[in-house]
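Visitor: Chains as they are written, first to last, in the working numbering: chain P, 1 to 111; chain S, 1 to 115.
Derived by calculation from the structure, the hints in this document are not laboratory data. Because the structure is a prediction, the values reported are computed rather than measured. Just so it is clear, CB atoms sit at the ideal spot from N, CA and C, and this is done for glycine as well. Just to be clear, a hint being listed does not mean it is correct.
Here are some of the chain S residues that sit facing chain P, going by a computed Cβ distance under 8 angstroms [what the hints assert, rightly or not]:
(1) Val4
(2) Pro8
(3) Ala39
(4) Lys41
(5) Leu43
(6) Leu45
(7) Glu56
(8) Val60
(9) Gly102
(10) Phe103
(11) Ala104
(12) Phe106
(13) Gly107
Beta-carbon label-pair distances, calculated as ranges [said to hold, decoys possible]:
(14) P:Lys58 <-> S:Gly14: 20 to 28 angstroms
(15) S:Leu115 <-> P:Tyr76: 40 to 48 angstroms
(16) P:Ala41 <-> S:Leu27: 16 to 24 angstroms
(17) S:Ser62 <-> P:Thr22: 48 to 56 angstroms
(18) S:Lys41 <-> P:Tyr76: 36 to 44 angstroms
(19) S:Ser38 <-> P:Ser7: 18 to 26 angstroms
Heads up, simulated DSS-like pairs for lysine-lysine below, C-alpha to C-alpha not over 27 angstroms straight-line [unchecked claim]:
(20) S:Lys52 <-> S:Lys19
(21) S:Lys22 <-> P:Lys42
(22) P:Lys78 <-> P:Lys57
(23) S:Lys52 <-> P:Lys78
(24) P:Lys42 <-> S:Lys19
(25) S:Lys18 <-> S:Lys41
(26) P:Lys58 <-> P:Lys42
(27) S:Lys40 <-> P:Lys42
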Amino acid sequence: ILNVEQSPQSLHVQEGDSTNFTCSFPSSNFYALHWYRWETAKSPEALFVMTLNGDEKKKGRISATLNTKEGYSYLYIKGSQPEDSATYLCASTGSARQLTFGSGTQLTVLP
Amino acid sequence: ETGVTQTPRHLVMGMTNKKSLKCEQHLGHNAMYWYKQSAKKPLELMFVYNFKEQTENNSVPSRFSPECPNSSHLFLHLHTLQPEDSALYLCASSQDSGRLAGFAFFGPGTRLTVL
């Protein structure tokens, strides 16, 4: 994988549902994996930075895992709320020493 | 409030105009970045400044000219742009641009339309 890829591109869930999305990134020369939440008309907001294989991070109802050997990260949202509606971006940094972003997963939580 | 501000928030310009985008960070960071987001595309890095020195130019056309007078301010000077340059331009900062294990903090962006 040369680029950072995210799936699905968009997702609609009902309030209270749990959901997850995937970020795939180049596993060679990996250094760090970032997750950001980007609400409409606002700035992207940092959620997590992970560097170690097997890392798990949690912030409230949102958690993320990291597998650097196979080059993927999952973001989980438990009990989705309408205020979770946003685009979730992941980005990796490696030997290029710059963040390479995926296209994002656009989440809509329906009340 | 992320501590990174950008002005203007919206800009409409003709292809012969010259304009500048401004970014200011109040976080004491040493690295600042310009990103571009075109419709349906990922965020694309344009320029990186670390301690006021440009360290990355991601093959950006010369009609985009960055300036970093100090670690808190970053400008993007625009001249003779093309309609395909219409996009959202985001500024970001981080502690330093080493390997980016720390968060990047983003401004709200400038929505640029080139007529």
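Visitor: Confirm or reject each hint.
Guide: Checked hints:
Annotation: interface hint on Val4 (chain S) holds; nearest CB of chain P at approximately 7 angstroms, less than 8 angstroms. For the restraint placing Pro8 (chain S) at the interface with chain P, the shortest Cβ-Cβ distance is roughly 15 angstroms, beyond the 8 angstroms limit, so the hint is violated. At its closest, the beta carbon of Ala39 (chain S) sits 11 angstroms from a beta carbon of chain P; the interface hint therefore is violated under the 8 angstroms criterion. Satisfaction of the interface hint for Lys41 (chain S) is found here, the shortest Cβ-Cβ separation to chain P being roughly 7 angstroms, below the 8 angstroms cut-off.
Satisfaction of the interface hint for Leu43 (chain S) is found here, the shortest Cβ-Cβ separation to chain P being roughly 4 angstroms, below the 8 angstroms cut-off. Checking Leu45 (chain S) against chain P by beta carbon gives a least distance of about 5 angstroms; that is within 8 angstroms, so the hint holds. At its closest, the beta carbon of Glu56 (chain S) sits 6 angstroms from a beta carbon of chain P; the interface hint therefore holds under the 8 angstroms criterion. With a cut of 8 angstroms, the hint placing Val60 (chain S) at the interface with chain P is violated, because the nearest CB-to-CB distance is about 13 angstroms.
Because the beta carbon of Gly102 (chain S) sits about 7 angstroms from the nearest beta carbon in chain P, less than 8 angstroms, this interface hint is met. Interface restraint check for Phe103 (chain S): the shortest CB-CB distance to chain P comes to about 4 angstroms, inside 8 angstroms, so the restraint holds. Taking 8 angstroms as the C-beta contact cut-off toward chain P, the hint placing Ala104 (chain S) at the interface holds, the least distance being around 6 angstroms. With a least beta-carbon distance of about 4 angstroms to chain P, the hint placing Phe106 (chain S) at the interface is held under the 8 angstroms criterion.
Interface restraint check for Gly107 (chain S): the shortest CB-CB distance to chain P comes to about 6 angstroms, inside 8 angstroms, so the restraint holds. Look at Lys58 (chain P) against Gly14 (chain S): about 49 angstroms separates their beta carbons, and that is not inside 20 to 28 angstroms. At about 44 angstroms, the beta-carbon gap between Leu115 (chain S) and Tyr76 (chain P) stays in the expected band of 40 to 48 angstroms. For Ala41 (chain P) paired with Leu27 (chain S), a C-beta distance near 21 angstroms keeps the hint of 16 to 24 angstroms intact.
At roughly 38 angstroms, the beta carbons of Ser62 (chain S) and Thr22 (chain P) sit outside the given window of 48 to 56 angstroms. Checked against the hint of 36 to 44 angstroms, the C-beta distance between Lys41 (chain S) and Tyr76 (chain P) comes to roughly 26 angstroms, which is inconsistent with it. Checked against the hint of 18 to 26 angstroms, the pair Ser38 (chain S) and Ser7 (chain P) passes, with Cβ atoms roughly 20 angstroms apart. Straight-line distance between C-alpha atoms of Lys52 (chain S) and Lys19 (chain S) comes to about 21 angstroms, which keeps the hinted pair within the 27 angstroms bound.
In summary, the hint linking Lys22 (chain S) to Lys42 (chain P) is supported, as the alpha carbons are separated by about 17 angstroms, within the 27 angstroms threshold. Distance check on the hinted pair: Lys78 (chain P) and Lys57 (chain P) sit about 14 angstroms apart at the alpha-carbon level, within 27 angstroms; holds. Note on Lys52 (chain S) and Lys78 (chain P): the hinted pairing is violated, with a Cα-Cα distance of about 42 angstroms set against a maximum of 27 angstroms. For the hint linking Lys42 (chain P) to Lys19 (chain S), the alpha-carbon distance of about 23 angstroms falls within 27 angstroms, and the restraint holds.
Of the supplied pair hints, the one linking Lys18 (chain S) and Lys41 (chain S) holds, its CA atoms being roughly 26 angstroms apart against a limit of 27 angstroms. As the CA atoms of Lys58 (chain P) and Lys42 (chain P) are separated by approximately 22 angstroms, the hinted pair is consistent with the 27 angstroms bound. In summary, the hint linking Lys40 (chain S) to Lys42 (chain P) is supported, as the alpha carbons are separated by about 18 angstroms, within the 27 angstroms threshold.
Against the hints set out earlier in the document, violations occur for numbers 2, 3, 8, 14, 17, 18, 23.
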